[in-house]
Amino acid sequence: MQPSLSVVRRKPKDRSRLEGLAGRLQLALRTCSRGVGDEVDSYLYVGSGFLRLAIEERLLAKARQARVRRELEAVVAELSKAISLDHQPFSATARGLVVPASSVKGNVRSRLELSFARGREGFRSCFIRASGAGRPPARGQQGWRHYRIWEESLREERGSPCDCTGGWEECEVCLLCDLFGTAGLQGLVSFSDFVGERVETERLNLPTGEKLEAVKPGSVFKGSVTFRSLEPVELGLLLYGMGLRDSRVGKPVLLGKLKYRRDLPHVFGVVRYELQKLELAPFSQPLKVDGLEIPPGGGAEGEVLGRLVAGLVKLVRTTYGGELLDVDEVGALEHLEA
Amino acid sequence: MSQPVPWSSHRLLLRLAVIEGWLVNETPLRVGTGREPPLGSAVDLAVIRIHLGGRSVPYIPGSSLKGVFRSTAIQLARAKGLTVCSGLSGDTCMDWESPKYGTSLLKFIQERQREGDEPGAFRVFHEDACLLCKMFGAPSFTGHVEFSDAYPLDEKGQLLEVPLGVRTGIAIDRRTGAVYRGALYQVEFVEPGARFKLTVRATNLPNYALGLLAKILKMLHEGWVRVGGFKTRGFGEVRVENLSFSVTGGTVSGTKLLAVDERDVEVDLAGLAQRYDGWLKASGDNAWRALSKLEEVWDRAALA
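Chains X and E, in that order, give the protein sequences. Per the numbering used here, residue 365 is the first one in the first sequence, and the count goes up by one each step. Per the numbering used here, residue 33 is the first one in the second sequence, and the count goes up by one each step.
Just so you know, the hints here were simulated from the structure itself, not pulled from any lab data. What you are looking at is a predicted structure, and each value in this text was computed from that prediction instead of being measured. Each residue gets a CB set at the ideal place from its N, CA and C atoms; glycine is no exception. Don't take every hint at face value.
Capping the alpha-carbon separation at 30 angstroms, the derived lysine-lysine pairs in DSSO-like fashion look like this [stated by the list, open to error]:
hint: 1; chain 1: E; residue 1: K188; chain 2: X; residue 2: K377
hint: 2; chain 1: X; residue 1: K615; chain 2: X; residue 2: K586
hint: 3; chain 1: X; residue 1: K586; chain 2: E; residue 2: K288
hint: 4; chain 1: X; residue 1: K377; chain 2: E; residue 2: K250
hint: 5; chain 1: E; residue 1: K188; chain 2: X; residue 2: K375
hint: 6; chain 1: X; residue 1: K580; chain 2: X; residue 2: K615
hint: 7; chain 1: X; residue 1: K580; chain 2: X; residue 2: K652
hint: 8; chain 1: E; residue 1: K112; chain 2: X; residue 2: K375
hint: 9; chain 1: E; residue 1: K313; chain 2: E; residue 2: K325
hint: 10; chain 1: X; residue 1: K377; chain 2: E; residue 2: K112
hint: 11; chain 1: E; residue 1: K188; chain 2: E; residue 2: K132
hint: 12; chain 1: X; residue 1: K615; chain 2: X; residue 2: K652
hint: 13; chain 1: E; residue 1: K112; chain 2: X; residue 2: K652
hint: 14; chain 1: E; residue 1: K112; chain 2: X; residue 2: K641
hint: 15; chain 1: X; residue 1: K575; chain 2: X; residue 2: K586
hint: 16; chain 1: X; residue 1: K641; chain 2: E; residue 2: K250
hint: 17; chain 1: X; residue 1: K641; chain 2: X; residue 2: K615
hint: 18; chain 1: E; residue 1: K188; chain 2: E; residue 2: K139
hint: 19; chain 1: X; residue 1: K652; chain 2: E; residue 2: K250
hint: 20; chain 1: E; residue 1: K313; chain 2: E; residue 2: K188
Stretch-level coverage of chain X by chain E, calculated; a stretch enters the list once three of its residues show a Cβ under 8 angstroms from a Cβ in chain E [unchecked claim]:
hint: 21; stretch: 455-461
hint: 22; stretch: 675-685
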């Protein structure tokens with residue numbers, strides 16, 4: 365492993381100014397399904413972080429009826445043997461099942477961080493969360509599939525993440541920390557929770573002993589991403605991070621728990637982002653790309669939106685050239701398993 | 033109409049404007065207690081609460097709302113070409129060294145006051161402090177906009193239920209693709225759909241300054257501006273319901289809000305607002321339309 369600590373950093377954009385592009389992307393996140401032409405049927409599991417315990421109602425009723433200490437102790441003794449882990453719930457709010465904004469943000473950001481290989485001046489991005497580089501994991505060790513898929517950008521050390529807690533004067537950040545924020549610096553891109561719209565769940569008992577309440581193939585979550593003070597190329601980068609390339613529908617990408625596991629009876633975590641609408645804020649600059657122009661307060665949908673995506677991604681590729689990897693993570697995973 | 037006493041003075045009440053409504057969170061909302069959760073809290077990041085009606089309930093402090101409005105006002109004012117300060121302690125236009133006075137504006141004004149020249153001191157403030165210091169306040173100067181704490185109260189002042197949720201967060205280690213050690217946190221939030229009573233009172237503000245407040249309120253309502261923490265992770269989107277806009281005072285004539293200074297423009301709210309007990313009041317959609325008219329004044333005002 366070749367050690368390298370060079371990350372290209374610059375002064376972040378002034379958060380107290382409204383400049384450049386501001387607007388909102390309306391998106392759908394769909395679990396892949398053969399029923400709609402995808403190559404795979406995929407479940408999705410994003411946990412709530414809480415464990416659900418199953419206790420027989422008979423025992424609870426007994427506990428409620430206990431009148432003296434001895435009776436209660438007897439029920440407790442019985443209960444401790446009868447409690448088991450129930451199917452772990454999918455993440456939810458009062459609005460129903462959600463893929464939390466933090467999961468979507470992490471998904472897009474990490475894909476972009478991993479998509480930057482070393483350029484002439486160094487890496488365009490730090491790793492905001494990464495353990496130190498050690499020996500590459502051998503096949504079968506934890507993280508080996510992840511390493512193999514992203515090997516080209518993981519070979520070198522990138523050093524400490526950007527940090528602006530020392531104050532504005534000393535603050536210099538990489539391209540992605542400027543966009544997504546870091547300690548002491550607010551991001552310019554805000555994600556919403558992606559709320560389940562056409563979602564079916566299934567209780568799965570995995571051979572590993574895990575019991576999950578997962579979302580079935582073909583389920584759809586909807587959400588938005590709000591942005592401000594972006595250049596067109598940065599907006600393109602955001603789309604690139606969602607797997608969008610030459611149309612409104614992104615290529616399959618991996619998200620959530622068990623996404624790298626291919627030794628289970630079900631495939632997990634293969635999803636597509638689909639851009640449904642782009643709106644520019646009234647205080648935005650106009651968006652001009654590839655002969656198209658969206659005025660402040662205007663928007664784009666359908667075929668025009670597809671052309672916009674293609675134009676913005678072309679701009680990204682022209683700007684970052686060979687530094688920007690185009691990893692087919694789903695294909696690479698299948699290849700590893702073959 | 034230009035006033036003999038500048039509008040930023042507190043000696044004269046030219047007008048009082050009140051914006052009321054309910055903030056309803058569309059997404060999880062978290063206004064936190066600071067770095068440390070209270071004793072006994074089951075989460076790392078608890079929401080702020082106040083003891084009200086015998087219960088401990090989440091609320092949105094007026095200081096948080098003021099922060100949202102002032103920080104957005106800075107962006108809008110700068111986009112319009114105005115020089116405005118950050119409003120942060122030690123970095124206001126009152127603290128900056130002024131070549132005109134050879135010292136900071138604050139020291140110069142305090143000197144005038146010590147010499148008994150109160151009107152002179154005030155004139156200097158009005159002419160040299162930035163618009164936002166006059167609106168929201170500056171060191172040694174009370175602002176003209178007050179934000180009440182937003183409590184979960186209904187129209188009759190009765191406490192509303194505020195359902196709370198807890199979300200667990202992790203970070204993914206870029207190198208291993210697994211969970212990053214030490215990055216686990218649990219954040220408490222107000223579930224979507226809670227209602228908080230919003231009250232903003234503004235004294236003496238010219239129509240363009242009311243228009244600036246109106247613009248920010250609309251940006252909040254449309255989701256361009258968010259409240260509280262975790263904003264880039266989906267939290268803090270609110271909409272404004274049951275909006276009302278009321279104004280009274282000597283610079284309100286019939287349905288007209290007169291110009292308050294030479295840069296201001298008169299606004300007629302005929303058809304949108306009615307007079308009740310000395311107040312000119314608009315509600316619901318008409319309140320939004322009335323605020324849009326004021327917003328237009330802000331958009332067109334030549335203030336730079």
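Here is what the structure says about each hint:
1. K188/E to K377/X: Status violated; Cα separation ~46 angstroms.
2. K615/X to K586/X: Answer holds: K615/X to K586/X is near 17 angstroms, not above 30 angstroms.
3. K586/X to K288/E: This hinted pair is violated, its Cα atoms lying about 45 angstroms apart.
4. K377/X to K250/E: Holds, because 25 angstroms separates the two Cα atoms, which is no more than 30 angstroms.
5. K188/E to K375/X: 51 angstroms, violated
6. K580/X to K615/X: Answer holds: K580/X to K615/X is near 19 angstroms, not above 30 angstroms.
7. K580/X to K652/X: Between K580/X and K652/X the Cα gap is close to 39 angstroms, so the pair fails against 30 angstroms, i.e. violated.
8. K112/E to K375/X: Roughly 23 angstroms separates the two Cα atoms, so the pair holds.
9. K313/E to K325/E: 14 angstroms, holds
10. K377/X to K112/E: 18 angstroms, holds
11. K188/E to K132/E: This hinted pair is violated, its Cα atoms lying about 53 angstroms apart.
12. K615/X to K652/X: 25 angstroms, holds
13. K112/E to K652/X: 22 angstroms, holds
14. K112/E to K641/X: Satisfied, since the Cα-Cα distance of roughly 28 angstroms is no more than 30 angstroms.
15. K575/X to K586/X: The hint holds at about 26 angstroms.
16. K641/X to K250/E: 21 angstroms, holds
17. K641/X to K615/X: 18 angstroms, holds
18. K188/E to K139/E: At roughly 47 angstroms apart (the allowed maximum being 30 angstroms), K139/E and K188/E break the hint.
19. K652/X to K250/E: Status holds; Cα separation ~26 angstroms.
20. K313/E to K188/E: 19 angstroms, holds
21. 455-461: holds (count 4)
22. 675-685: n = 0 at 8 angstroms, threshold three: violated.
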